[in-house]
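*Asks:* So the protein lines, in turn, are chains A and B.
Under my numbering, the first sequence has 340 at position 12, and the numbering climbs by one with no breaks.
Under my numbering, the second sequence has 118 at position 113, and the numbering climbs by one with no breaks.
Since the hints were made in silico from the structure, they are not lab data.
If you're wondering where the values come from, they're calculated on a predicted model, not measured in any experiment.
Any given hint might turn out to be false.
Using 25 Å as the maximum straight-line C-alpha spacing, the simulated DMTMM-like pairs for lysine to aspartate or glutamate come out as follows [to be verified]:
| no. | chain 1 | residue 1 | chain 2 | residue 2 |
| --- | --- | --- | --- | --- |
| 1 | B | K75 | B | E64 |
| 2 | B | K108 | A | E387 |
| 3 | A | K337 | B | E49 |
| 4 | B | K43 | A | E387 |
| 5 | B | K21 | B | D91 |
| 6 | B | K8 | A | D366 |
| 7 | B | K8 | A | D384 |
| 8 | B | K108 | A | E400 |
| 9 | B | K108 | A | D401 |
| 10 | B | K108 | A | E358 |
| 11 | B | K43 | B | E15 |
| 12 | B | K8 | B | E22 |
| 13 | B | K8 | B | E49 |
| 14 | B | K108 | A | D366 |
| 15 | B | K108 | A | D354 |
| 16 | B | K108 | B | E61 |
| 17 | A | K337 | B | D91 |
| 18 | B | K75 | B | E20 |
| 19 | B | K75 | B | E31 |
| 20 | B | K43 | B | E61 |
| 21 | B | K43 | B | E101 |
| 22 | B | K8 | A | E387 |
| 23 | B | K43 | A | D366 |
| 24 | A | K337 | A | D354 |
| 25 | B | K21 | A | D384 |
| 26 | B | K43 | A | D354 |
| 27 | B | K75 | B | D60 |
| 28 | B | K108 | B | E31 |
| 29 | B | K8 | B | D60 |
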Amino acid sequence: NAGVTQTPKFQVLKTGQSMTLQCAQDMNHEYMSWYRQDPGMGLRLIHYSVGAGITDQGEVPNGYNVSRSTTEDFPLRLLSAAPSQTSVYFCASRPPGAGFNFTQYFGPGTRLTVL
Amino acid sequence: AQKVTQAQTEISVVEKEDVTLDCVYETRDTTYYLFWYKQPPSGELVFLIRRNSFDEQNEISGRYSWNFQKSTSSFNFTITASQVVDSAVYFCALSEGSDSWGKLQFGAGTQVVVTP
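In isolation and in its complexed conformation, chain B is listed as follows (with noise of 0.2 Å):
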């Protein structure tokens, strides 16, 4: 079963709009740990941030921010003031803590497309 679904395929939208990205997870596990990755055009995985199950502070980093909320096991995702370099798929993913290995599930990805 998927464990982490991004219901959203494909956003577009007009530079400086925000944008938000959603991503829902789903685990038994009381410590788990969430991630978001940016894959531009160019292909590579960008790692953009790491949260984990006991952390429920709200993060913001520049134009970037991130609203964990366990109660509806959402993870969100927003940029502010959208540019065209933040046209890109965006990846959710889960790690389980009874998986030692620590394997990523990933949510099928959201595109985003910032036009001028």
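Chain A on its own, in the form it takes in the complex (with noise of 0.2 Å):
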């Protein structure tokens, strides 16, 4: 299994442009999640999927669109890349249910820049 992937590693955006950062997990997790990490302030979550076709928006979502598709791809766009979007992205899955299953599992991370 290759886990979580995300593309691109790295991205440079100018004000204004729209590009779509993806994530993709084959572990057959129905929950599917996009985090924001910004210096000093830990990770907070922009979107999240309990399953495909069925998306809410998390603490941070202004800005960002999701879809979810099929089980494996949760894609994450910006419409319109403003620099305050500057960040790390990261992707995570995990199973449904809770207790045990409630252990997320993180891709490695997209950096972005906006300029």
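Could you fit the two chains together into a complex? Lean on the hints.
*Replies:* What follows is the structure in structure tokens.
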């Protein structure tokens, strides 16, 4: 199993450009999510999904869109990039259910810079 | 409000010293889960441990140990005989049982620097 994969690893955008961060997992996890990591703030939840066709907003959803057409993929779209979106983005997944299954597994991250 | 507090921003130690990372959490739920993740300089997040609120046993895994105390809402992490490879940012996180999705709420992280 490759686990959770993310592409690209690095990206530089100009203000106003759009792009999609890709996330895929091969563990058949129904739950997937996107977090952003900023210095001194830990990780904050952007959007999450509990299965194909079902998404919801997290703590900091503004400026980001998501969709979930398959169990494996959960792309994150920036429609019009802003310097405030400069961050490291992590995708995570976990199996459904509570308890033991609350453990989330993270991808390697995408470092995004918006100029 | 911040639900997970890691008061130590950075800790510097010399190799072979012990280092303890503090984590204080806040929740009204009786069922909850606490986690520690390690982020080495390469940037990935590595899961270290999960502890549920009903299990207050301390746990040891090699040079790592965790002290969970519900009375003080703390879940501290100790690295014994630190090594240079332990240099990383360590995050404590909380999932509340009332949140069926299990969202992780992270502390700000503690940077550990181990010098030879």
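*Asks:* Below or equal to 25 Å on CA atoms is what counts here, so check K43 of chain B against D366 of chain A.
*Replies:* With Cα atoms ~16 Å apart, K43 of chain B and D366 of chain A stay inside 25 Å; holds.
*Asks:* Is the hinted pair K8 of chain B and D366 of chain A satisfied, with a Cα-Cα distance of at most 25 Å?
*Replies:* Roughly 17 Å between the alpha carbons, so the hint for K8 of chain B and D366 of chain A holds.
*Asks:* Has the given pair, K108 of chain B with E387 of chain A, been kept, meaning a C-alpha gap of at most 25 Å?
*Replies:* Cα-Cα ~10 Å, so holds.
*Asks:* Taking only the CA atoms, is the gap from K75 of chain B to E20 of chain B under or equal to 25 Å?
*Replies:* 31 Å, violated
*Asks:* Quickly compare the C-alpha distance for K43 of chain B and E61 of chain B to 25 Å and report which way the hint goes.
*Replies:* 22 Å, holds
*Asks:* Please verify whether K337 of chain A and E49 of chain B have alpha carbons no more than 25 Å apart.
*Replies:* At roughly 11 Å apart (the allowed maximum being 25 Å), E49 of chain B and K337 of chain A satisfy the hint.
*Asks:* Given the hint that K43 of chain B pairs with E101 of chain B, does the C-alpha gap stay at or below 25 Å?
*Replies:* Holds: K43 of chain B and E101 of chain B sit about 21 Å apart, inside 25 Å.
*Asks:* Between the alpha carbons of K21 of chain B and D384 of chain A, is the straight-line distance 25 Å or under?
*Replies:* Distance ~46 Å between K21 of chain B and D384 of chain A Cα, so the pair is violated.
*Asks:* Holds or violated: are the alpha carbons of K8 of chain B and D384 of chain A at most 25 Å from each other?
*Replies:* 21 Å, holds
*Asks:* Does K108 of chain B pair with E400 of chain A here, judged by a C-alpha cut-off of 25 Å?
*Replies:* Status holds; Cα separation ~19 Å.
*Asks:* Check the hint pairing K337 of chain A with D354 of chain A against an upper bound of 25 Å on the C-alpha distance.
*Replies:* 19 Å, holds
*Asks:* Does E31 of chain B lie within 25 Å of K108 of chain B when you go C-alpha to C-alpha?
*Replies:* 15 Å, holds
Consistency note: the structure conflicts with the earlier hints numbered 12, 18 and 25.
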